[in-house]
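2 protein chains.
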Amino acid sequence: MAASVQLDEPARTPRVEEEEEASDDEEEHEEWRELYGSQLQLEVEPPLHDARDEGTADAWTERNPSLIRLTGKHPFNCEPPLARLMHHGFITPAPLHYVRNHGPVPRADWSSWTVEVSGLVSRPVRLTMDELVRDFPAAELPVTLVCAGNRRKEQNMVRQTAGFNWGAAGVSTSVWRGARLRDVLRRCGIMGLRKGRGALHVCFVGAEDLPGGGGGGGAKYGTSVTREWALDPSRDIMLAYAQNGEPLLPDHGFPVRVIIPGCIGGRMVKWLTRIVVTAAESDNYYHFKDNRVLPSHVDAELADAQAWWYKPEYIINELNTNSVITTPGHDEILPINAFTTQRAYTMKGYAYAGGGKKIIRVEVTLDGGETWMLCTLDIPEKPNKYGRYWCWCFWSVDVEVLDLLGAKEVAVRAWDQAQNTQPEKLIWNLMVCTLHCWFKVKVNVCRPHKREIGLVFEHPTQPANQTGGWMARQKHMETAAPGLKRSTSTPFIHTTDDKQFTMSEVRKHGSKDSAWIVVHGHVYDCTAFLKDHPGGADSILINA
Amino acid sequence: MAASVQLDEPARTPRVEEEEEASDDEEEHEEWRELYGSQLQLEVEPPLHDARDEGTADAWTERNPSLIRLTGKHPFNCEPPLARLMHHGFITPAPLHYVRNHGPVPRADWSSWTVEVSGLVSRPVRLTMDELVRDFPAAELPVTLVCAGNRRKEQNMVRQTAGFNWGAAGVSTSVWRGARLRDVLRRCGIMGLRKGRGALHVCFVGAEDLPGGGGGGGAKYGTSVTREWALDPSRDIMLAYAQNGEPLLPDHGFPVRVIIPGCIGGRMVKWLTRIVVTAAESDNYYHFKDNRVLPSHVDAELADAQAWWYKPEYIINELNTNSVITTPGHDEILPINAFTTQRAYTMKGYAYAGGGKKIIRVEVTLDGGETWMLCTLDIPEKPNKYGRYWCWCFWSVDVEVLDLLGAKEVAVRAWDQAQNTQPEKLIWNLMVCTLHCWFKVKVNVCRPHKREIGLVFEHPTQPANQTGGWMARQKHMETAAPGLKRSTSTPFIHTTDDKQFTMSEVRKHGSKDSAWIVVHGHVYDCTAFLKDHPGGADSILINA
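From first to last, the protein sequence lines stand for chains A and B. Take the first sequence: its letters are residues 100 to 643, numbered as in our numbering. Take the second sequence: its letters are residues 100 to 643, numbered as in our numbering.
A couple of the hints might just be wrong.
One copy or two, it doesn't matter: identical chains are merged, so the pair holds either way.
SDA-like mimics (lysine to any residue), calculated; alpha carbons at most 25 Å apart, straight line [to be verified]:
1) Lys484 to Arg132
2) Lys481 to Pro332
3) Lys549 to Asp477
4) Lys447 to Pro203
5) Lys574 to Gly291
6) Lys507 to Val544
7) Lys388 to Pro205
8) Lys481 to Tyr385
9) Lys524 to Arg151
10) Lys447 to Thr325
11) Lys507 to Ala443
12) Lys481 to Asp331
13) Lys457 to Val304
14) Lys484 to Val496
15) Lys524 to Gly154
16) Lys574 to Glu239
17) Lys507 to Pro205
18) Lys481 to Phe493
19) Lys524 to Thr464
Keep in mind that the hints were calculated from the coordinates and are not lab data.
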């Protein structure tokens, strides 16, 4: 059905009411293909009916087969493989964009869809899609969307949270086109602030049938933003009907969704059906029970018992400043030899900030934060006319291979233009939103081939229930030997090619001089840890 | 001369051009005495001619005698005693407000003073003070000003920076009244963004004669903000001519200064004479050579050699999220006895954020960050109609005295509504602006009287060149015993009443069982450190 929709070029109709300086402004609307075209690699393999969707309400959908599913079969929540995401650069192909669905995907029809605007407005209206496209000037700009749970698996490794296992690819960038929410609200005559009838919040409601809300199904996803945000021209909030120049994909809210740049994805309601202007914030179940950052001492039980969900100060809206190492990738091997040690290795990754702030600095440390190397920044985006930045940027830095050989861990941190940077350590919270501590990659010595050594890089986690990652390994180690002190600084020397070992070979390493153990099918050399174990070396040796 | 000025009640003249919803808005201008009156304790001792100002260009001024001078005699830079600042609560009396002067205070006359508005405006103008008061609607609101160097002495203790020694009282709050910059710029017809003549920056120039800029004196203090900031109604930028209902004091910019809420003090030009709209940011010496946060590896030499001052990304504007413990105060003693141990001790302090963000959480830790107690917040301010907060707030938390007895250190961190919090550790930078790591107070056991024990609290530093503070003490210890490993977790047990010890008493503590040393007139018990000294216990014992 999406294929039957013809989107005109962005409308050039007269604008509703302009800012006072608008007549003097440059035409904001630029051809994004011209601006970002040199970096576009949007071609991907065709979507498929996935066997995992059979028997679910989403059986009619087609999806990119490479997406990593985070919550089993249904609902559909996924991220692309991190290397794949990076390969495409600044603009993510829509079929690879991460997805966060709370329930089944609505089967929508462009021609019959409407968005109702009601509540504290003097001229309520029900807009068709054609009206939305035709009657409002189109805004079109690239926006990075980030799930508030991006990187959450790192926190789940330390202590399970109420959220599922996002890796570091819960982030994607598209060029979104739509009508400005501000224009729509002014057209409908949003009421003022005067006492008693203060139009203070703008609520969004989606179309899907959801289990939440304590009822017997039929609840809708909904949330709200403040009036100030909704009307702020600098925030570029829009009702988007095109992604990268095409109609939205079903998973991304076809035919229309909210886009709120600089904000967590959870406020950007998909399959938008209603906009309601109200005096109070949204009373939707998902508005209160998701996307909150509660203090560390609040667990699920306490959150319910003491009504922490309803304390307004713990809502999250703007994204945190964050950065991730994408090169080296997980399990990437760098051979150490006469050739490689004379060259620099280029580390790379992404960074983003919230609220329109620019990333002004990214730094990498090889020594646990004692010293930092300044990275080169690649910021493809042009800021909006209010100076706001809505997209991720990329960083790179050349590191001497010999310095990597001497490092146990590499870590990255970003700074935004308000001088916010990332904390060193993870701060646990129940929902684990906005995880943004330093992204740390372990550097382990390995033996890629006989008579050759190399470095193998290990990310903190792998998404979903995939094994792998130093945090997962440490967690396994804790499970296998519960008394073992956690160490984040001493890497295990583990092989990258498990199949080289038969169990009889492993059995040879059962002494204090060389203690190997097998955990979840991986072989670990624990020799260096024998002295650290509070229960004594024997606690490991009985496993070896 | 200030006394001769009669400020009318805020003007109620028709506004220049209103926001589209303004007709519907509440009257913003409220009587601040009504709003904040219950907390006002603005009475202070009369100002004096200070002997330290004799022979300087400021000899004509009168100042509050309790202010702590940070840069010797001249220019005048000061902060109030921290306890004094806290005593006055939400609104700081103007005579106690911190002062950052770069040179002599201009002797200004209300009736002849003018502010010239020029550059990329279609109607340049030279405004008298009476015109500024009469011809523009007055805005009046409380704003917390913070010197970007607030708490800088903590960083100077670790490694000397290019800045002088601010304690934790480089912060004050006043009710400021003035004309909105936005109104003035629109009245003057600020030009647009179109190519070639883009009016992108608004520069401010002060009146004082300064040594900076490489010339032979006569330079003026100046800086700039972007057009977006200058015109943004939500930012409340004003040309202020009244502080707490009175004309400005000479030290605070009489007769008119810039106020930019949520921004570092360094952009708020005092004794304002010129506003120039330009295509490029200010070329003023002080705009580039101050208020920058450079990466840690950049020292003074490198900054000059590689022109780090001129890289636009390192400018600072918005304040960082910050919090400070003010109760217990430095050297405060809490006796430990049957009475006190059955009661809670109430810790208190202040917190602020930048850019209009609300402080949503303050937490205190007694165990180095393992667990955190949630504090009660007192936020006296009403946000502006855009939801922005411009003022500090206060926090308090009840702590069991027995828990304090078991703690070595208490620390505080705040969170703002964008989920930014403070880093644990200090991150060195050349200017040391925006220091905002956890504020840590050491808890030392002491003997306030014979046969009584107590806890004595020790702040990290004391302002200016005052001795005192655990960071200063550790620095002295390093100087006295250069090889000694720094410890921030193990407090020295030091007496609070040095006069109890004669040198002959100290000499008795020269063994491994009890090693006292004398550094800068203070007696320190180093027994616990003997085993830590990398040069061996003897390195300390030769001093003991």
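Right, here's what the structure says about each hint:
Proximity of Lys484 and Arg132 under a CA criterion of 25 Å is satisfied intra-copy only: 19 Å inside one chain copy versus 39 Å between copies. Within a single copy, Lys481 and Pro332 get their C-alpha atoms as close as 17 Å, and across copies as close as 24 Å, so both meet the 25 Å cut-off. In the homo-oligomer, the alpha carbons of Lys549 and Asp477 never lie at most 25 Å apart, since the shortest distance is 39 Å inside one protomer and 66 Å across protomers. Taking the shortest Cα distances, Lys447 and Pro203 never come within 25 Å of each other, neither inside one copy (36 Å) nor across copies (50 Å).
For the identical chains of this complex, Lys574 and Gly291 are neighbours neither inside a copy (54 Å) nor across copies (58 Å), given an alpha-carbon limit of 25 Å. For a Cα distance limit of 25 Å, the shortest separation of Lys507 from Val544 inside one copy, 9 Å, qualifies, whereas the shortest one across copies, 39 Å, does not. In the homo-oligomer, the alpha carbons of Lys388 and Pro205 lie at most 25 Å apart inside one protomer (22 Å), although the nearest pairing across protomers, at 57 Å, exceeds that limit. In this homomeric assembly, Lys481 and Tyr385 never come within 25 Å of each other (Cα to Cα): the closest approach is 34 Å inside a single copy and 28 Å across copies.
Proximity of Lys524 and Arg151 under a CA criterion of 25 Å is satisfied in neither setting, with 37 Å inside one chain copy and 48 Å between copies. Neither within a single protomer nor between protomers do Lys447 and Thr325 lie at most 25 Å apart by alpha-carbon distance, with minima of 37 Å and 32 Å respectively. Taking CA atoms no more than 25 Å apart as the test, Lys507 paired with Ala443 passes inside one copy only; the shortest distance there is 17 Å, against 45 Å between copies. In the homo-oligomer, the alpha carbons of Lys481 and Asp331 lie at most 25 Å apart both inside one protomer (19 Å) and across protomers (20 Å), since each shortest distance falls under that limit.
Taking the shortest alpha-carbon separations for Lys457 and Val304, neither the intra-copy value of 31 Å nor the inter-copy value of 27 Å comes in at or below 25 Å. Within a single copy, Lys484 and Val496 get their C-alpha atoms no closer than 30 Å, and across copies no closer than 44 Å, so neither meets the 25 Å cut-off. In this homomeric assembly, Lys524 and Gly154 never come within 25 Å of each other (Cα to Cα): the closest approach is 43 Å inside a single copy and 53 Å across copies. For a Cα distance limit of 25 Å, the shortest separation of Lys574 from Glu239 qualifies neither inside one copy, at 45 Å, nor across copies, at 56 Å.
Neither within a single protomer nor between protomers do Lys507 and Pro205 lie at most 25 Å apart by alpha-carbon distance, with minima of 48 Å and 58 Å respectively. Taking the shortest Cα distances, Lys481 and Phe493 sit within 25 Å of each other inside one copy (14 Å), while across copies they are farther apart (40 Å). Within a single copy, Lys524 and Thr464 get their C-alpha atoms as close as 14 Å, and across copies as close as 15 Å, so both meet the 25 Å cut-off.
Violated hints for the displayed structure, listed by number in ascending order: 3, 4, 5, 8, 9, 10, 13, 14, 15, 16, 17.
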